[in-house]
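*Asks:* Those protein sequences? They're chains A, B, C and D, same order as listed. Counting in the working numbering, the first sequence tops out at residue 452, every number present. Counting in the working numbering, the second sequence tops out at residue 904, every number present. Counting in the working numbering, the third sequence tops out at residue 1356, every number present. Counting in the working numbering, the fourth sequence tops out at residue 1808, every number present.
Bear in mind the hints are in silico, worked out from the structure with no lab data behind them. Here the structure is a predicted model, which means the values were calculated and not measured. It cannot be assumed that every hint is accurate.
[Claimed, not checked] With a straight-line Cα cutoff of 25 angstroms, these simulated SDA-like cross-link-like pairs (lysine to any residue) come out:
(1) D:K1792 x C:R976
(2) C:K1136 x A:V448
(3) C:K1340 x D:D1789
Here are the chains, one letter per residue:
Protein chains: 4
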Amino acid sequence: MSSHPVIELTSPSSWAMVEDKFSPFALETLAKLIKFQTEEVWPALRVAHAQLPDDQSRWKTVIPIIRDLKARARELGLWNLFLSKSHYPQHGVDLTNLEYAVMAEILGRGGHFASEVVNCSAPDTGNMEVLARYGSPEQQKKWLIPLLNGEIRSAFAMTERFIASSDATNIRTSIRQEGNEIVINGHKWWISGAGDPRCALHLVLGKSDPNSSDKYRQQSMVIVPANTPGVKIIRPMKVFGYDDAPEGHCEIIYDNVRVPLSNLILGWGKGFEIIQGRLGPGRIHHCMRSIGAAQNALDLMLARVTDPAKKTFGKYLYEHGTVVADIAKSRAEIESSRLLVYSAAAQIDKYKAKGALKEIGIAKFVVPSMALEVVDRAMQSFGAEGVSQDQSLAQTWAGLRTLRFADGPDAVHIQQIGQRELKRAPEVVKRLDAIKKKETGLFEKYQVKAHF
Amino acid sequence: MSSHPVIELTSPSSWAMVEDKFSPFALETLAKLIKFQTEEVWPALRVAHAQLPDDQSRWKTVIPIIRDLKARARELGLWNLFLSKSHYPQHGVDLTNLEYAVMAEILGRGGHFASEVVNCSAPDTGNMEVLARYGSPEQQKKWLIPLLNGEIRSAFAMTERFIASSDATNIRTSIRQEGNEIVINGHKWWISGAGDPRCALHLVLGKSDPNSSDKYRQQSMVIVPANTPGVKIIRPMKVFGYDDAPEGHCEIIYDNVRVPLSNLILGWGKGFEIIQGRLGPGRIHHCMRSIGAAQNALDLMLARVTDPAKKTFGKYLYEHGTVVADIAKSRAEIESSRLLVYSAAAQIDKYKAKGALKEIGIAKFVVPSMALEVVDRAMQSFGAEGVSQDQSLAQTWAGLRTLRFADGPDAVHIQQIGQRELKRAPEVVKRLDAIKKKETGLFEKYQVKAHF
Amino acid sequence: MSSHPVIELTSPSSWAMVEDKFSPFALETLAKLIKFQTEEVWPALRVAHAQLPDDQSRWKTVIPIIRDLKARARELGLWNLFLSKSHYPQHGVDLTNLEYAVMAEILGRGGHFASEVVNCSAPDTGNMEVLARYGSPEQQKKWLIPLLNGEIRSAFAMTERFIASSDATNIRTSIRQEGNEIVINGHKWWISGAGDPRCALHLVLGKSDPNSSDKYRQQSMVIVPANTPGVKIIRPMKVFGYDDAPEGHCEIIYDNVRVPLSNLILGWGKGFEIIQGRLGPGRIHHCMRSIGAAQNALDLMLARVTDPAKKTFGKYLYEHGTVVADIAKSRAEIESSRLLVYSAAAQIDKYKAKGALKEIGIAKFVVPSMALEVVDRAMQSFGAEGVSQDQSLAQTWAGLRTLRFADGPDAVHIQQIGQRELKRAPEVVKRLDAIKKKETGLFEKYQVKAHF
Amino acid sequence: MSSHPVIELTSPSSWAMVEDKFSPFALETLAKLIKFQTEEVWPALRVAHAQLPDDQSRWKTVIPIIRDLKARARELGLWNLFLSKSHYPQHGVDLTNLEYAVMAEILGRGGHFASEVVNCSAPDTGNMEVLARYGSPEQQKKWLIPLLNGEIRSAFAMTERFIASSDATNIRTSIRQEGNEIVINGHKWWISGAGDPRCALHLVLGKSDPNSSDKYRQQSMVIVPANTPGVKIIRPMKVFGYDDAPEGHCEIIYDNVRVPLSNLILGWGKGFEIIQGRLGPGRIHHCMRSIGAAQNALDLMLARVTDPAKKTFGKYLYEHGTVVADIAKSRAEIESSRLLVYSAAAQIDKYKAKGALKEIGIAKFVVPSMALEVVDRAMQSFGAEGVSQDQSLAQTWAGLRTLRFADGPDAVHIQQIGQRELKRAPEVVKRLDAIKKKETGLFEKYQVKAHF
């Protein structure tokens, strides 16, 4: 069997399917990433949490050990791995989406900080994609380069309070031109990353032409420097009891915020086009990180159920009830989900995100539920400790839970996939009719009648 | 997007993952197989059933249209596709397990006859593998060649009545040497294929050395010509209400059956080794055919729920309730199962069946349950017609149901996968300990204490 | 604990909930029924199947042992127990729906024949209800009395081929007056009981006024003597290969069938009203019989997994895998379903079927799926034998499967219950608003502000 | 239909089953409780949270509005409703367990504070039961009376860190006599209520005779005044980020804690007996509160999915995807769970907790999972808001999640129920054998042979 470190780490059954598709550079980068994460990042995670103060000053903190690890990652060349050169020739790294998918799983095992240290964390990743694809040279110089360098961070301001913003046409934030300036008024929430002291810009979506007959041309997107007057951060939203400081998910009021006209991205009425273009690969990243979280939970569960200190009634935990079956199911579910996402990534590599909508959509609704289930089983094996601050499982679960509605609730994706599948119906009916017709001929030819 | 006929047939998302692994010969064979099945085999299926009499003479029938299609298939070179040349250089076809897996799904759409017409149906496939791998030249000449030519058929006699034969050490059939002969006595049931008038041989497993201290050396396997005196076919077992004539699943008593010593396969005490070697690829074939059955059921469902004649309360069936969601789930489940089996096939291609036990085991317990679920949803969309003789769904479901215990019940495979996964625990614990140790160093280095 | 035989038979946890609601007569009848079923009926079931010929004459057979048991049941006073005196004062038995529900479970354990021997089998039960409630005195004398006496049997002809007849407005059968006669033309299928040689009448639903603006007044129901010229039984429909002879589920063409005007039930345009009135209690009976089937399957599973002859790898089946957990879940699911149906029966007793629509609807979609699951687990514990003719489980499963669409598919009931629950929304909103208003007052009173 | 307020509040289908079992006093108390909760308690809940400081002083706070509501509840006679007079003649209230079960559901809708204001909140309830059943007159005077009066609160200290304390024989805390004193040393965690400034006593379980051959006689239980020197509260444990102040779930070290000998409850070696006796009704209370939480979540979901402000793509949320089906399922699952717990309560009323172990065990593993599922569906309908501090759902979910291991993990209860059910096997086998024997006789009598 292959001896790549990824085998030692998780022994993924799927490796035989993708190994041949890896370039030597990707194989080497993956190995280096695994070494860096296991030896330097994962031992740093609890330290990072400890460096985050317990009081309000947490929102002003740049965590020292994270800062040090970022420098180290850059030194190692483990940086911006998400940006595929084939899609972003100028700024990208020489990795396919499939190759990065395997790496994103590794990152997902360590939680949010593990992605941040290699400059591969949301929402910066999606924002860099937007600026790299749609930004003007000036915008790229001012915002994209520092983001690519990890010098600043960013927020993506789309979701709004008081409305159902999973339907982008419901957006109420107003974006209008006044002379050489753009004026923004709106009330957003769940703006991830906006709490971070390093957050330098918000990409804000709003309506610039609310009366346009084409409802997909009503929106525009604008770069708002975070320190612009009128940008009022109201409060961090909590996810279950977690505030995810220092980044946070903020409620923000944009109160007569003024930015220069040059901060408009791509042009008036292009907002919807931009958010559509932003979605594909990011969903794959989320999915692979979720799979990493699930795999990590399964590993923790393996350790727990074989822990002699946790024996009850004279037996190891794994000797009780349905634990072995739960482990088998978890393994199978992780493996099949992994393959689904690989398949979507391979599809993107071949046909771009637009040619991979079905594959991305399936992964989007299958993976978070799967990961929640696996993490939940692991929590159960830990008993009360599993839901507490002494283990990462509960916070991981809470984060995964948001993925069942972030970027559109499960139901939306399920309906879209179902509708897309229904489009195959006419072709199927045509085939069945052709079969029926030939069948009739054969009944005649062989001179036989169907049994009732 | 690629234009291979497999895309038109099912538009499998997974194609992007495997396309590159196909040889030009395999691509062409797959296309030819699809054309043959859709244009010649599927229109013949109901005719075949009609040619099978309604009374006891059904057990003596060679169905004319099946016989004709076999000739046609051989002519087209669509023959023995299951036997991979890399494992069986002498008799095999130039296809990998992965390539054949994709083809086996196509075969599975048409039910049992669709496999038979290309000489790829169980139990003949497994029996040919046994004879090709373990048979003496003489045995191969006498039995393997006619089987490869589709001139005769065969049965595999392992399962016994009155005991739990999923544990092969429970086997009671006695196989003993008497002079130059082997004498067999035993009571088997669920012997598939034994009812067929073309069935020429049984591979019979029994105990030749029941007192051996090595319980995996107690068994031997013997070739029993079907017409040997003492071979008494008692009755066909039914699966739900189906008897699967003419092949059937028979109850058989071997009553002082005598065969020449040369009919022993591989040697005394080699029975367990032979049945182990027989299992791997066959399980993959079953799985892929099950996926084909599921995909076919989904297609039938698509046709049904868009049928204007089946509208209720003014709406198409797909506009009601959870139909669209059910279709989306079915699609996702089929896709992820397909990838699991591809992954197992790729693993076999790389590391032989022995190096793919985990992958095969996962597929074995995941796929049949998935397929049952998908077919059940399709049945529900057809209402009462779905469980009747007017549709193939109920019989398909019943056949799939047996796969949850054939070759070992789900529970056995689930336990094995779980136990196998538990073997990773020491490695995981070692890694967690290493992380903990480094973490302690980092807490010291950064002079910080964990929050409680 | 109570010592009633029902405790010994299944030890239903729910007994403590319903015991107090039983009259002394009901307690005694229940005990007598249990004794009769366990000692006389269940030992007769395989004999009855054996008395049914294997060829086409099966459709002309009155099974001797069933006939004898019917006489015996009548003698014991175990007869027509389904017909509650409170709803049918003239013909009914002094049992509430709840009391009969407990008995129907007992009947369900023995399959269809077990109900027939106490004259409590569908479709006769529903037909007797129709005639008792809506029949003219003449109709009652001619048809109801012999049915109540078990001298004849009957069929209910509603479902039609080629349309989606779960929407009764799709019905195409034509019923029109011609002089003193009614003329019926139509194509029905799945007409249970019509195959029985004792079947003397069909209650036929058709459209008498297809152009009526009130689509619930277009239908009428007519009594058609089974031997009327033009009643053509085409074939028995099969359910998973089973034909359920001698009753069968027949395809029937009514070809210019003529009956006297006096055979119209209740009046022109009353067909929909009649079928609505027929549904409530019958659904409860189906549910309770399904629960009996599930409980019986669980019992068989208990016997199987503790059978020393079925040990594998040195352990009882129950010591493997998730068997104990499966048993616990089955027990819990049976128990909660039982309570749901009891609750619906109690609701009918208090508020008639019309006041129990929600309870009946919930039971209708919950119970069959539950029972299928429990029987499926039991089948799995039996391995191949479980799906064969040697055990009752597969046929039981197949019968239960039809209940997921008989009397309306699950989806229809689920939607109705959901919609009915949504009607509570305005009341809920009103309450939440009232709470909010008071809350505002309390914030002021206590001079405190909400944390964000 | 009945017009009791409970019908207006939740229209529980199960009401028809239990109404007759309510005394006039219970009916009136239930109505009064509903009025009090809806009009006074539920509007106060967010105020109570607002009165709890955001910093460490939260652990020293007696919330004013809760204090006021407690006075009001006592005035209304809504007090100690959990303590059934039939089990506790001296201190109890004239309510059966079934009657209180219905009330506990109402309490569960408002979360923890809603139970506290009527002095029915854990762990005080279980502790009062212990003192009422096992306490000496002196202990009752000193601790039980103030608890019954709601003047003090209490903690139950059983669970230990570093071991698997779901197996009570693993307990390590040492309790030994030294002269007239008892000395306690141990390390506990998850001690609910210990953080509260009003907490006056801990009931501490430890080992007094660790070498006893009877492992159920090794434990003793001691009353420890909360302010005893050596009682060191280390930290509050968090549940999904929530600390549940002011009560909290504390980690506590008992470091050479000394109490008088008279603080021993019931006698040396009686600890296990006491904790066993404490469990039954408390589990029912938890279950009913969970059902209340689920019902409340369903109500919130009904309001959300019909909210015109949350329309997407021109349709109400309930018009999308599977929302209606989800609501129907939630309703059905709540209803069947409710009935399961009622059934357990009725069983306790008839046969005490010891005679209701199966019913309690089933409820214990069925209800929390059900409630989690229902609350999760409601969260999903709220999108991100559902997991945030603006709705109660996430905190409710987190609390419910702990019930899958509190008082023993699901797996333990599932195994116990399964094993208990297996005890029916010999009886079943005996019955099946008797049937078989009679069957053989009938085959002879009727001179018929079974079909194969």
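*Asks:* Decide, hint by hint, whether the structure agrees.
*Replies:* Okay, the hints, checked on the actual structure:
{"no.": "1", "hint": "D:K1792 x C:R976", "verdict": "holds, 20 angstroms"}
{"no.": "2", "hint": "C:K1136 x A:V448", "verdict": "holds, 24 angstroms"}
{"no.": "3", "hint": "C:K1340 x D:D1789", "verdict": "violated, 65 angstroms"}
Hint compliance for this structure: hint 3 is the single one not met.
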